[in-house]
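Residue numbers (the working numbering), protein chains in the order written: chain Y, 1 to 201; chain L, 1001 to 1201; chain D, 2001 to 2201.
Keep in mind the hints are simulated off the structure, nothing from the lab.
Hints should not be assumed to be uniformly reliable.
[As the list claims (entries may be wrong)] Rough simulated footprint, nothing fancy, chain D against chain Y, three-plus residues with beta-carbon under 8 Å:
1) 21 to 32
2) 43 to 56
3) 134 to 145
[Said to hold, decoys possible] Below are the SDA-like pairs computed for lysine to any residue, each with C-alpha atoms no more than 25 Å apart in a straight line:
4) D/K2026 / D/A2071
5) L/K1080 / L/N1025
6) D/K2080 / L/W1194
7) D/K2027 / Y/I141
8) Y/K80 / D/N2064
9) L/K1027 / Y/F187
10) L/K1027 / Y/G193
11) D/K2026 / L/N1139
12) L/K1080 / Y/L143
13) D/K2087 / D/N2139
14) Y/K27 / D/W2194
15) Y/K26 / D/Q2192
16) D/K2027 / L/L1156
17) D/K2026 / L/V1190
18) Y/K26 / L/V1136
19) L/K1027 / Y/V136
20) Y/K27 / D/E2140
21) Y/K26 / D/W2194
22) Y/K27 / Y/K87
23) L/K1027 / Y/S189
24) D/K2027 / L/G1193
25) L/K1026 / D/K2087
26) D/K2027 / L/L1143
All C-beta atoms, glycine included, are put in the ideal place defined by N, C-alpha and C.
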Amino acid sequence: MDWIYFLDIFGTVVFSISGVLTAMNKKFDLVGSLIIGFVTAIGGGTIRDILIGRFPVGWLNDRNYLYAILAGYIISYVFKARIIGLKRSMFLFDTVGIGLFTTIGIQTAINFGMNIEVCLIMGVISAVFGGIIRDVLTNEIPLIFRKEIYASACLLGGLVYIILETISPVRDVNIIVSILCVSAIRFFSVRQGWTLRWDRD
Amino acid sequence: MDWIYFLDIFGTVVFSISGVLTAMNKKFDLVGSLIIGFVTAIGGGTIRDILIGRFPVGWLNDRNYLYAILAGYIISYVFKARIIGLKRSMFLFDTVGIGLFTTIGIQTAINFGMNIEVCLIMGVISAVFGGIIRDVLTNEIPLIFRKEIYASACLLGGLVYIILETISPVRDVNIIVSILCVSAIRFFSVRQGWTLRWDRD
Amino acid sequence: MDWIYFLDIFGTVVFSISGVLTAMNKKFDLVGSLIIGFVTAIGGGTIRDILIGRFPVGWLNDRNYLYAILAGYIISYVFKARIIGLKRSMFLFDTVGIGLFTTIGIQTAINFGMNIEVCLIMGVISAVFGGIIRDVLTNEIPLIFRKEIYASACLLGGLVYIILETISPVRDVNIIVSILCVSAIRFFSVRQGWTLRWDRD
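Throw the hints in and build the complete structure from the sequences for me.
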């Protein structure tokens, strides 16, 4: 589980950066940016924990998540110009992050004895609700509802993970395959300009 | 209790449709619409359950709510044009839905030993917060704050239900009367253009 | 503890007024204003209680909070014109309110055995999230992210409180000093036009 924990912390840093950068674009002050980075990073996992009744919610018992958020915050201010130039890397990190958050969310729900549909939903919530809260707090229509195959990538990757968990005994491999799956879907969808809009009229 | 459960599921379908249609109007993609339908349908009950400490929250233990949401989602896409023509029916369904959600919310709070004021508040929260979350996520000022006697109908209907529960032993009748009460208030308020604005200056 | 409880209720009235006035400015109806006053007053403490797993959340077991909200609601409508003229007093009340909410939030988290960083975060959440929810529901970018040293005052005042709690045995004094600290920071920041923006480019 060690490398998963490491990736989870790493994902928290990435989500924190994404929140802080959004806040900086909106001219939020130093504390406002910190709050946005914070809720972006822990929002999804927090809502998942609350819904399944896991109290106190995860990050309250592990300082490392707070340090990860703080690290993302500092990185954002110090390397702002460079990060924006690193759009491609950020996209990659972000994609790995949501893939991982999806599988961690599903696994947490499985451990709490949730039924399979709920586990899948918890995976998606873990991955996308941090970004939704970020967009709501900055008064934007959440990006994921309109622009990219984002939640759908989580949904499909989550489905792959659940199937793998029932047929394959090596969890680490299942997680890696699921993350690759999420990444592949997002990568190709952005490249090909896929959308999921269906306008019948 | 059987017909109440049936109505509850039915109300979930209606709320899901209302969410999905709102999302479609905003040009959300297929997954975005599903998420909006989902939070509209289960948002109010979820907040109620969290506040009173009922974990895991209701819908996590009953797949039928998920199927109801999915049904509302599919209905929205397949019958989009017709549903919009059915504005009158939708208004009726919606009104029965909030009336029912109000009484179910109150009853749940009573079962958890809440005081009477809190029960009333939980009834209103169950009925209206799904719609509030829908409007927040689609970046609208929640409709219920401005346009119609909506929350007030729930408040009054809830009050009627609480009074009936203390004087009448037949719960089914109490629920029906309360729903009729909510429906009547909304119906007449819309027809007569009642508002609850109070501008002193 | 008696005077603290009294101040807590008083702070609830002040926050309720702030919410109702915001709603009135947005032309919300009577029930909409009540809902906004309600969530502004209990929002921060509710989120804190949920995160640390304190159920049912605080105000569900104490009617006085509800009466305080109702009092703020009635005061807002009856004395609307005068309250707006009392901007200076409202600012003072509000500042004392957030200072107090910060210390109460920290103390609650300490009682629940949270680590020191989490206690500090819970103090800030208790003080500022009511206002954040108010602004989200009225479709505004939360003020605290942009305009004033607000959350930062809570953060610093909270830090002072935590330090005092470890070195001074008289809690009442610690609370008063912390509140004075928050008030002083806010007062001078507004007077001097301090901001916490950092634009490197």
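Against the structure, the hints come out as follows:
| no. | hint | result |
| --- | --- | --- |
| 1 | 21 to 32 | holds (count 8) |
| 2 | 43 to 56 | holds (count 4) |
| 3 | 134 to 145 | holds (count 4) |
| 4 | D/K2026 / D/A2071 | 21 Å, holds |
| 5 | L/K1080 / L/N1025 | 11 Å, holds |
| 6 | D/K2080 / L/W1194 | 23 Å, holds |
| 7 | D/K2027 / Y/I141 | 23 Å, holds |
| 8 | Y/K80 / D/N2064 | 48 Å, violated |
| 9 | L/K1027 / Y/F187 | 23 Å, holds |
| 10 | L/K1027 / Y/G193 | 16 Å, holds |
| 11 | D/K2026 / L/N1139 | 15 Å, holds |
| 12 | L/K1080 / Y/L143 | 24 Å, holds |
| 13 | D/K2087 / D/N2139 | 23 Å, holds |
| 14 | Y/K27 / D/W2194 | 15 Å, holds |
| 15 | Y/K26 / D/Q2192 | 23 Å, holds |
| 16 | D/K2027 / L/L1156 | 22 Å, holds |
| 17 | D/K2026 / L/V1190 | 21 Å, holds |
| 18 | Y/K26 / L/V1136 | 19 Å, holds |
| 19 | L/K1027 / Y/V136 | 17 Å, holds |
| 20 | Y/K27 / D/E2140 | 15 Å, holds |
| 21 | Y/K26 / D/W2194 | 19 Å, holds |
| 22 | Y/K27 / Y/K87 | 20 Å, holds |
| 23 | L/K1027 / Y/S189 | 18 Å, holds |
| 24 | D/K2027 / L/G1193 | 16 Å, holds |
| 25 | L/K1026 / D/K2087 | 39 Å, violated |
| 26 | D/K2027 / L/L1143 | 12 Å, holds |
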